[in-house]
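Take a look at the letters that make up each chain.
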Amino acid sequence: MQKQQYDQLQETVYSEVMPNGLRVYVLPKQGFSKTFATFTTDYGSIDNAFVPIGQKQSVQVPDGIAHFLEHKMFEDEEGDVFDTFGKQGASANAFTSFTRTAYLFSSTDDTAVNLHTLLDFVQHPYFTEESVEKEKGIIGQEISMYDDDADWRLFFQLLGNLYHRHPARIDIAGTAESISRITKDDLYTCYHTFYHPANMILYVAGAVEPQEIFELVRSNQAQKEFTPMDHVERIEVDEPATALHSKAVEKMSIRLPKVLLGYKLSLHSETDNLLYQEARLELLLETLFGEGSEAYETLYSEGLIDDSFSSEAMIERSFSLAAFGGNTPKPEETEARILDIIEHAQTDGMDERRFERMRKKLLGQLVKQLNSTEFLATEGTRYAFHGASVMDAVEIMQQVTFNDISSLLESEFRIDNRTTSIIDQKAEADA
Amino acid sequence: MQPVTTNTNIPVHLFQTKQFKTTAVIMQCRAPLSEHTAAGRALLARVLKKGSLRYPSQSHIKEKLDDLYGATFSVDVGKRGNYHVMSFRMEFVNEQYLPAQEDLFAEATAFLAEMVHAPLAENRAFNPKIVEEEKRTLLQKINTIYDEKDRYANMRLVQEMCSAEAYSVHPLGDAHRMEALDEQKLYDVYEQFLAEDAIDVYVVGDVEAYDVEAITGPFPERSSLPPVEDGAERPPRVRYVEESDDIHQGKLQLGYRTTITQDDPQFAAMQVTNGLFGGFPHSKLFQEVREKRSLAYYAASRYESQKGLVMVMTGIEKEQYEQVKAVIGEQLQALQQEPVSEELLAQTKGMLINQIRETTDAPGGLAALHFQGKMAGRVRPIETWIEEIEQVSADDVLACANSIVLDTVFFLHGKEDEDAETTV
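Top line first, the protein sequences correspond to chains A and B. Here the first sequence stands for residues 1 to 431, numbered as in the numbering used here. Here the second sequence stands for residues 1 to 424, numbered as in the numbering used here.
Since the hints were derived computationally from the structure, they do not count as laboratory data. Take these hints with a grain of salt, some might be off.
To be verified - In silico PhoX-like links for lysine-lysine, alpha-carbon gap of 25 angstroms or less:
(1) K360(A) with K415(B)
(2) K251(A) with K141(B)
(3) K426(A) with K415(B)
(4) K87(A) with K141(B)
(5) K184(A) with K134(A)
(6) K136(A) with K141(B)
(7) K56(A) with K184(A)
(8) K426(A) with K318(B)
(9) K374(B) with K292(B)
(10) K64(B) with K134(A)
(11) K292(B) with K184(A)
(12) K318(B) with K251(A)
(13) K49(B) with K360(A)
(14) K330(A) with K141(B)
(15) K360(A) with K318(B)
(16) K136(A) with K292(B)
These numbers were taken from a predicted model, which means no experiment stands behind them.
For reference, chain A alone in the conformation it holds in the complex (with noise of 0.2 angstroms):
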């Protein structure tokens, strides 16, 4: 068991890697009623093309796969594991996003029941052919509702525009026909493949005692026997740095139209220190169009934008953007003058007293963070992944200079790199 020390942040985490491969990270929370803990598996929506363990052959399987399997993970021979979970007092759930499937539950009593469970149910996979056809009409619906989100298809249609053939164009749920053509024997490859212990992560966070939670997972990893494991090979695709399209605006029946403009970067959370790259990206958006800058002011007050305005920053695993925007009643003219914004920055230069103020912002938010144990152990895990620790994060954010978000600006906000989204309401809305 390795001790790691926060004197500032007075936090301590506790970690271990078992024989399998699998990496445990125990962050006791005193004062807390509840644990959090964190199953995940370094895989999500685009991992679509790989060598399946055991194989030399890569194989490319339906989109939406990753999804399909999570929801598949919750039945076992003997029912359903939501309803284990509930009758020990437990709250389960689960997620997948581009990169990462991860399986949850909080409690606030029998913590070791409940990660007995968490580890067990993750660890057996159970598919059944009528099992897999029943949770194609779930699905069906929740790719239906999301077909009817405005927010989410202002997004997705900014990835399809942004990437050329790099899977973050599709969505992580995958369509109706992609899912039609999953069978139980895809699921298995994948499952055999990406949630091997050495791709994955266990992450507990809350009222527990590490020496204690350690020897439980020993013991419970003991018992299970796993093909040993190098790495996962996966198909990259050959993605050019430029944008796909400039361009493109989808009606929806809305009465108010979204804009969100986005740029694909070359930052990759794999080669480059992931920590110092958000800070960096956070940094830039927050001092060029957070609340209270110049840019977000004047657009407001010329009824431009309201406050779902907003920028997202995101590095992931083979890929990287970053995005901004909200509600606007003129999509055009609310992009033209964004991008006017972003000229002026590089042409001009930005506020440097500003980007101190940001840093302060972004220092407190961080430490705010860590009263939840769901940040924890969620973004805990997330960097770990990489090799790195959240609470190395405030430590990170106090090293970037305002040079280094100058440089930033410079060199990844071009214009053929660049995309614009936009939906707009049908002409026949009847408002």
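Please arrange chain B on chain A, whose structure you already have, making use of the hints.
This is chain B only, laid out in the frame that chain A set:
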């Protein structure tokens, strides 16, 4: 955990705890919910948030908050049963976790006091520019409820179901009354808020001595709020309302009434009943609509305990409307006719208790639980509440389920083919 309460003109509740790295100061201000005042109060909340004499613009405000290490400050309005609640919230990092020597508590409370008591106004009128901007934003917000189809369907359900009751009023008010407001009329709303709202201040965090006099002191003496007329009536028959829109998935919402509200001795039993009906993944709705029949991705119920409503929501194929409606009806019937198994009962209680305990892990959660009880006229210490849940029996659930009556069904669905549309 129970707060230490100072009962003065403005009660102050302190939750002293080392659990959090932040301190929260929350001021809850409530007035009876009414169509005549909702728009004005919604606008007041936004205008107070946007400027004061000392911080006359958003840039000034943000600059101050950023200097307080990203302190957050928000003012918003919400609906809690028949009350319209304006909430002022500040949360800031406890300075012991920062390379800072400032007294952030004193700074933050002074800031909040300034925003409430020294607004950007002169000659009994707010700043006209801010009023216009915020009116525009709010009108947009009212207009765009339509863009989120679940929210829209729920708003329409409540409008149809509670048309004669205060509860039908949206917390942002209506566009018509919003349009009619100006900087003078808004100042009248402000003065009424200062003089009449029932106000509670909460402090949550690792603070020993605290002084919030700057916030509470300037409020004039007030009398207690008059009781709110509810006006709820059971309908003679179920009302069915349908609307069409250019969407893929139909949004089905069912509104039920129950006489059991938060101050009722059966409140805990009703919570358990709702949990069994559609509150959790093991509930009847989730199991029967989603898991067994694959008819939906979500199917859940929510208990509005201040008002005595149970609302069911699900997203389905248009063609399956009749089937889903029937399945939902059967689930309630089952709860009304057969005693629930001990196993399901225990599971539901466990989940509910877990939920309540989890709420106490966030600074806002501690304050929210207390405030809910206060509004309902019955503050339960958390341990008492949990005990009440533990004592709920299968018979209690049967009785509660039988108090639930269907009132209104609202269905928002996709349009027919172009030709058929003319008949809609």
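Hint-by-hint comparison with the structure:
1. With a C-alpha separation of about 51 angstroms, the suggested pairing of K360(A) with K415(B) is violated against the 25 angstroms cut-off.
2. Straight-line distance between C-alpha atoms of K251(A) and K141(B) comes to about 20 angstroms, which keeps the hinted pair within the 25 angstroms bound.
3. Between K426(A) and K415(B), the direct Cα distance comes to roughly 14 angstroms. Compliance with the 25 angstroms bound is thereby established for this hinted pair.
4. Simply put, K87(A) and K141(B) have alpha-carbon atoms about 41 angstroms apart, too far for the 25 angstroms limit, and the pair is violated.
5. At roughly 12 angstroms between alpha-carbon atoms, K184(A) and K134(A) fall within 25 angstroms of each other, so this suggested pair holds.
6. Pair hint K136(A) plus K141(B) does not hold up; C-alpha atoms about 35 angstroms apart against a cutoff of 25 angstroms.
7. The suggested pairing of K56(A) with K184(A) holds, with an alpha-carbon distance near 21 angstroms, which does not exceed 25 angstroms.
8. Taking the CA atoms of K426(A) and K318(B), the gap is near 21 angstroms; set against the 25 angstroms cutoff, the hint holds.
9. With a C-alpha separation of about 41 angstroms, the suggested pairing of K374(B) with K292(B) is violated against the 25 angstroms cut-off.
10. For the suggested pair K64(B) and K134(A), the alpha carbons sit about 55 angstroms apart, so the restraint of at most 25 angstroms is broken.
11. Taken as a hint, the K292(B) and K184(A) pair is honoured in the structure, with Cα atoms around 19 angstroms apart against an allowance of 25 angstroms.
12. Taken as a hint, the K318(B) and K251(A) pair is honoured in the structure, with Cα atoms around 22 angstroms apart against an allowance of 25 angstroms.
13. Distance restraint check for K49(B) and K360(A): the Cα-Cα separation of roughly 21 angstroms lies within the 25 angstroms cut-off, and the hinted pair is therefore satisfied.
14. Between the alpha carbons of K330(A) and K141(B) the distance comes to roughly 16 angstroms, so the proposed pair stays at or under 25 angstroms and holds.
15. For the proposed pair K360(A) and K318(B), the alpha carbon gap of about 51 angstroms is over 25 angstroms, so the pair is violated.
16. Restraint check: the Cα-Cα separation between K136(A) and K292(B) comes to about 13 angstroms, which is no more than 25 angstroms; the hinted pair holds.
Checked against the numbered hints given earlier, this structure breaks hints 1, 4, 6, 9, 10, 15; the rest are met.
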